[in-house]
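Student: Sequence:
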Amino acid sequence: MDTEQQVEKIRAIRAISSSHGVSLVLNARTDIYLMPIGEATARFERTVERLRAYRQAGADCVFAPGVSDRDTIAELVKAIAAPLNILISPNCPSLTELEKMGVARVSAGSTVMRAALGLVRRIGREWMDTGTSDSLFDGAVSFADLNRMMGRQIS
Numbered sequence: 001m002d003t004e005q006q007v008e009k010i011r012a013i014r015a016i017s018s019s020h021g022v023s024l025v026l027n028a029r030t031d032i033y034l035m036p037i038g039e040a041t042a043r044f045e046r047t048v049e050r051l052r053a054y055r056q057a058g059a060d061c062v063f064a065p066g067v068s069d070r071d072t073i074a075e076l077v078k079a080i081a082a083p084l085n086i087l088i089s090p091n092c093p094s095l096t097e098l099e100k101m102g103v104a105r106v107s108a109g110s111t112v113m114r115a116a117l118g119l120v121r122r123i124g125r126e127w128m129d130t131g132t133s134d135s136l137f138d139g140a141v142s143f144a145d146l147n148r149m150m151g152r153q154i155s
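FYI, my numbering numbers position 71 of the sequence shown as 71, with every residue one higher than the one before it.
Check before you lean on any hint, since a few could be wrong.
[Stated by the list, open to error] The following label-pair restraints were derived from C-beta to C-beta distances:
no. : residue 1 : residue 2 : range
1   : Ser-94    : Gln-56    : 39 to 45 Å
2   : Thr-41    : Met-113   : 18 to 24 Å
3   : Val-22    : Val-141   : 31 to 37 Å
4   : Ile-37    : Asp-71    : 17 to 23 Å
5   : Ala-144   : Val-22    : 35 to 41 Å
6   : Thr-41    : Leu-136   : 25 to 31 Å
7   : Met-150   : Arg-70    : 23 to 29 Å
8   : Met-150   : Thr-72    : 39 to 45 Å
9   : Ser-107   : Gln-56    : 18 to 24 Å
10  : Thr-72    : Ser-142   : 27 to 33 Å
11  : Thr-111   : Asp-71    : 22 to 28 Å
Please keep in mind that the hints were generated in silico from the structure rather than gathered at the bench.
Every residue, glycine too, gets a C-beta built ideally from N, C-alpha and C.
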């Protein structure tokens with residue numbers, strides 16, 4: 001989708017939500033780095049152009065998934081001058097560093113689900129390979145803790 005189409009959609013969403021008194025946080029993204037789209041030398045400027053346009057159209061924050069380089073992230077924060085959302089990855093700076101750099105929001109995307117599936121795979125392999133189940137219980141949340149987390153009291 002081109003930038004103008006996306007800008008029109010953002011404006012429409014903002015106008016409709018406002019007219020109905022619905023408060024929402026509109027986080028508009030571009031996947032130029034994630035996919036990656038276009039020549040590497042043009043990605044930064046294209047990302048800045050899109051994210052600035054989204055912000056001007058009414059986005060509360062802007063999202064540039066796929067960016068993990070410290071210098072690029074810092075430059076995006078400066079160039080966009082809007083709350084920036086980054087998709088966490090193994091190559092990203094730490095959460096503390098991202099916060100110090102001015103990143104407003106960090107997303108995990110599908111990583112939490114994929115980490116859970118990795119655990120399920122380790123459990124299955126342990127059962128099949130050794131017949132033991134230690135990994136099933138290692139780090140598991142107890143029922144008592146789960147009930148406290150859910151606000152339940154067990155008598």
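Student: Now tell me, hint by hint, if it's right for this structure.
Tutor: Evaluation of the provided hints:
At roughly 31 Å, the beta-carbon separation of Ser-94 and Gln-56 lies outside the given 39 to 45 Å, and the hint is violated. Remark: the range hint 18 to 24 Å for Thr-41 to Met-113 is contradicted by a beta-carbon distance near 34 Å. Taking 31 to 37 Å as the suggested C-beta distance range, the pair Val-22 and Val-141 conforms, at roughly 35 Å. Range check, Ile-37 to Asp-71: about 20 Å between beta-carbon atoms, so the 17 to 23 Å window is met.
In this structure, Ala-144 and Val-22 meet the distance hint of 35 to 41 Å, their C-beta atoms being roughly 39 Å apart. Here the CB-CB span from Thr-41 to Leu-136 is close to 49 Å, at odds with the stated 25 to 31 Å. Separated by about 38 Å at the C-beta atoms, Met-150 and Arg-70 break the suggested range of 23 to 29 Å. Judged by the Cβ atoms, the range 39 to 45 Å given for Met-150 and Thr-72 holds: they are separated by roughly 40 Å.
Here the CB-CB span from Ser-107 to Gln-56 is close to 22 Å, well matched to the stated 18 to 24 Å. Checked against the given bound of 27 to 33 Å, the beta carbons of Thr-72 and Ser-142, roughly 42 Å apart, lie outside it. A hinted range of 22 to 28 Å for the beta carbons of Thr-111 and Asp-71 is consistent with their spacing of about 23 Å.
Checked against the numbered hints above, the structure breaks hints 1, 2, 6, 7 and 10 and satisfies the rest.
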